[in-house]
Amino acid sequence: MSKPRLLDQKFLDYKTSTGFWLYLMTDCVLFGTLFASYIVLHPATAGGPTSSEIFSLPMALTETIILLTSSFTCGLALLALRQNSLRQLIIWLGATYILGVSFLTIELSEFAALVGDGHSWQQSAFLSGFFTLVGTHGLHIFVGLLWLLVMVAVLFKKGITPKLKRQLGLFGLFWHFLDLVWVFIFTVVYLMGAAS
Amino acid sequence: MWGRLSLDALPHDMITIGGVVGGGLALLAGIAAITYFKKWRWLWTNWLTSLDPKKIGVMYLVVATAMLLRGLADAAMMRAQQAVFATGDGSGPISADMFQQVFSAHGTIMIFFVAMGAIFGILNLILPLQLGARDVAFPLLNSISFWLLVAGMVLMNVSLAVGEFSTAGWLAYPPLSELQYSPGTGVDYWIWSLQIAGIGSLLSGINFLATIFTMRRAGMTLMKMPVFAWSVVGSMLLVAFAFPILTATLSMLSLDRTIGTHFFTSDMGGNPMMYVNLIWAWGHPEVYILVLPAFGIFSEIVPVFSKKRLFGYTSMVWALMAITVLSFTVWLHHFFTMGSGANVNAFFGIMTMVIAIPTGVKIFNWLFTMYRGRVKLATPMLWFMGFVVTFTIGGLTGVLMAVPGIDYQVHNSLFLVAHFHNVIIGGVVFGFFAGLAYWWPKFTGFYLHEGLGKAAFWCWLIGFLVAFLPLYVLGFMGAVRRLDSYDASLGWQGLFIVAAVGMMIILLGVLFQITQVGYSIWKRKELRASSDPWDGRTFEWSTSTPIAEYNFASLAPVMYRDDFWEQKHRSRYTKPVGLIEPIRVPKNTGIGVGIGLISAVVGFAIIWHIWWLALAAVIGGIVLVITATLREDTERIIGVDEIVATEKRLRGTK
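These protein sequence lines are chains Z and R, in that order.
The numbering of the first sequence is this note's numbering, which starts it at 1 and goes up by one.
The numbering of the second sequence is this note's numbering, which starts it at 1001 and goes up by one.
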């Protein structure tokens, strides 16, 4: 047996993986636009709080660790899929789901705390950029979790089908992509924001 | 309950009421006719739910044509206003507010629904055939893209009857387009019809790129592709990289207007010039998204009608790719007056001039293809020659404006308006008409009437020059764009009247075209064409006419560039044998129609702040998408016997 590869061609035919990679590139440009807008608007606090006054690094670090771990469990799920082990697959997908939900919960509580302190997206252009950039990432995570839920439901009903293999392969790409985007958010928004 | 929606949203002035009643009656007449002839089932199963790109392509063209007529009506109103009523006391039939809606709608419709619709229509019809493929990469996604464009178009037209359209121009610059200065629903209509259609275009871009990268016939290396396919690579790469910027920018403007963010507002730190940068980072590539496929069409037509292979294939491909890359480096030339400083302006000015080089390479390649060829001046070739003249004039005025110092003088004037109509009508529209005349017999089995086609061409060419050359002069005289009134003492009226006469000549051309299509359908027996009427070079001409659902019965590998031409004319060509095997084609589905419908409802609900409806529609959409991903049994298998029978039937009728 050859060395196991995470993005095995067994899961993804050439056509589907090309199409999905192209989609990811377009999403990348979308995030790029939001990053650029955020960076331009970062100094525009309009009398409101600056980034270093409101960002909590421990919370952002916790989110980062959770999301990176979920990427790891997602990888383990794909390995389980390679072994055709339904039980392990469901366990690791479940772990990914729980980690994703925890990430989203922390993010939403951070948003709620900011809004509660009067620092909503309406207060300044900087906060508009912040909520939109981070919120768009959160929305992607939400869509990913919904997708995951549907796939697990299908797994329970039908087991591992070729179609589901393909979808899980795509989901793996999607989830790692969101992880990557988050690494940039953590760096550009939180680390650089807290330092400035 | 109904958000901002009330009976006040219905139109009040006579022209809009006339438009709504006219459009409504036309729609009712259509519905009545379909019901009377009992064609609903036929329409639903043969067209609306079809995943066959040849049918989706035709539907795109129908939508684009319908919207072209509306865009032309807007143009005629503007010309009438500026020629006749603009010097008066403002009591003409078109109020200032309505005039603003008209020019905003004209630009939006012509770019997003006419030009994009026509391009995607031609792509659907031609691209899979030219690649020797049976379908696009993702047939269902293709249908969804089309219905998203339709959803955007529906919203665009609903704004005529319910509410108002944007008065902020086709690109809706803030702060004018912000809630503070445009509190009505007009800008929201603009945002959501573009957002929905734009997402459709983005998905199409991904689909066509994947088609080119993964669906080419065996043996067709990239450098053996027809140049049209190369032009699509450039155009769709631009779609994939530029449309996400549009999506994000429209989202931010929409957030500003609906939940009170401050991206582009003039207070609270918002930055209106950021919008202008972002929208042109999409908008400039958009110009090339439209014109590259037109270049591709001409690159197919010129060799066929000159009986020579294309001069400089490799340089043509490089020129296309150079334009693709460069088009992302020039966006700032749309607003030199922003005042970014001399160095920045100089950079963008020079980059803009640089684009003229690969474009010039292409023009010369086409001309050298004609040189010593046996040129046949059929209608497609006339459109090409008209294109060379008008596009070159437009290109030269573009290079002129690329000099920042000159741009400061003519910025926002009619000189600019004349320039971009010169390149878009001369390039995109003429290219589209050339392609229509060229490929029409392939899909219908009969020619378009030559005489009427030539009459239409001359009306368009002369009408175009008469309508737009005066605008260059007016621009120099200081006339700015989007004027609904000016003082008679300025002495502009004469030239505006000339421009209006030009408009009438163009309309005469359109009349000839409508007559041409109708007459050709009527006389289709006399105008009957073979399956390869022009002695074509590329794969689409190798199929039977009408084309079988699966395009090609067998997939014999490709050996040469212009393989079909070599098959016909090279004496020692041994045709590779292709086996006939069962073919899988996608089954029809109404998912595309459903997603389009739901998107239109979501857009409408958000425009009017009917939040419960928006939420319900979004949930409905999610359920529909999940159902779509869970679908089983999506393909139909055409057996060998059926293929053989179909081939015998289609080839026999030739």
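Hints are not guaranteed to be accurate.
Here are the simulated DSSO-like pairs of lysine-lysine, each with C-alpha atoms no more than 30 Å apart in a straight line [claimed, not checked]: (1) Lys1038(R) / Lys1523(R); (2) Lys1376(R) / Lys1523(R); (3) Lys158(Z) / Lys1587(R); (4) Lys157(Z) / Lys1523(R); (5) Lys1055(R) / Lys15(Z); (6) Lys1587(R) / Lys165(Z); (7) Lys1376(R) / Lys15(Z); (8) Lys1038(R) / Lys1362(R); (9) Lys1055(R) / Lys163(Z); (10) Lys1307(R) / Lys1523(R); (11) Lys15(Z) / Lys1523(R); (12) Lys1523(R) / Lys163(Z); (13) Lys1307(R) / Lys15(Z); (14) Lys15(Z) / Lys1038(R); (15) Lys1568(R) / Lys1038(R); (16) Lys1054(R) / Lys163(Z).
By construction, these hints were calculated from the structure, which means they are not laboratory data.
Hint check results:
About 26 Å separates the Cα atoms of lysine 1038(R) and lysine 1523(R), which keeps this hinted pair within 30 Å; it holds. Pair hint lysine 1376(R) plus lysine 1523(R) holds up; C-alpha atoms about 23 Å apart against a cutoff of 30 Å. This hinted pair checks out: lysine 158(Z) and lysine 1587(R) have alpha carbons roughly 23 Å apart, not beyond 30 Å. Distance restraint check for lysine 157(Z) and lysine 1523(R): the Cα-Cα separation of roughly 59 Å exceeds the 30 Å cut-off, and the hinted pair is therefore not satisfied.
For the suggested pair lysine 1055(R) and lysine 15(Z), the alpha carbons sit about 22 Å apart, so the restraint of at most 30 Å is met. At roughly 22 Å between alpha-carbon atoms, lysine 1587(R) and lysine 165(Z) fall within 30 Å of each other, so this suggested pair holds. Under the criterion of a C-alpha separation no larger than 30 Å, the hint pairing lysine 1376(R) with lysine 15(Z) is inconsistent with the structure, at around 41 Å. Distance check on the hinted pair: lysine 1038(R) and lysine 1362(R) sit about 50 Å apart at the alpha-carbon level, beyond 30 Å; violated.
Simply put, lysine 1055(R) and lysine 163(Z) have alpha-carbon atoms about 28 Å apart, close enough for the 30 Å limit, and the pair holds. A C-alpha spacing of about 28 Å is found between lysine 1307(R) and lysine 1523(R), which places the hinted pair at or below 30 Å, so the restraint holds. For a cut-off of 30 Å, the pair hint linking lysine 15(Z) to lysine 1523(R) is broken: about 44 Å separates their Cα positions. Pair hint lysine 1523(R) plus lysine 163(Z) does not hold up; C-alpha atoms about 50 Å apart against a cutoff of 30 Å.
Distance hint between lysine 1307(R) and lysine 15(Z) is unfulfilled; the C-alpha atoms sit about 36 Å from each other, more than 30 Å. Distance check on the hinted pair: lysine 15(Z) and lysine 1038(R) sit about 40 Å apart at the alpha-carbon level, beyond 30 Å; violated. Between lysine 1568(R) and lysine 1038(R) the CA atoms are separated by roughly 45 Å; this puts the pair beyond 30 Å, and the hint is violated. About 27 Å separates the Cα atoms of lysine 1054(R) and lysine 163(Z), which keeps this hinted pair within 30 Å; it holds.
Comparing the model with each earlier hint shows violations of hints 4, 7, 8, 11, 12, 13, 14 and 15; every other hint is respected.
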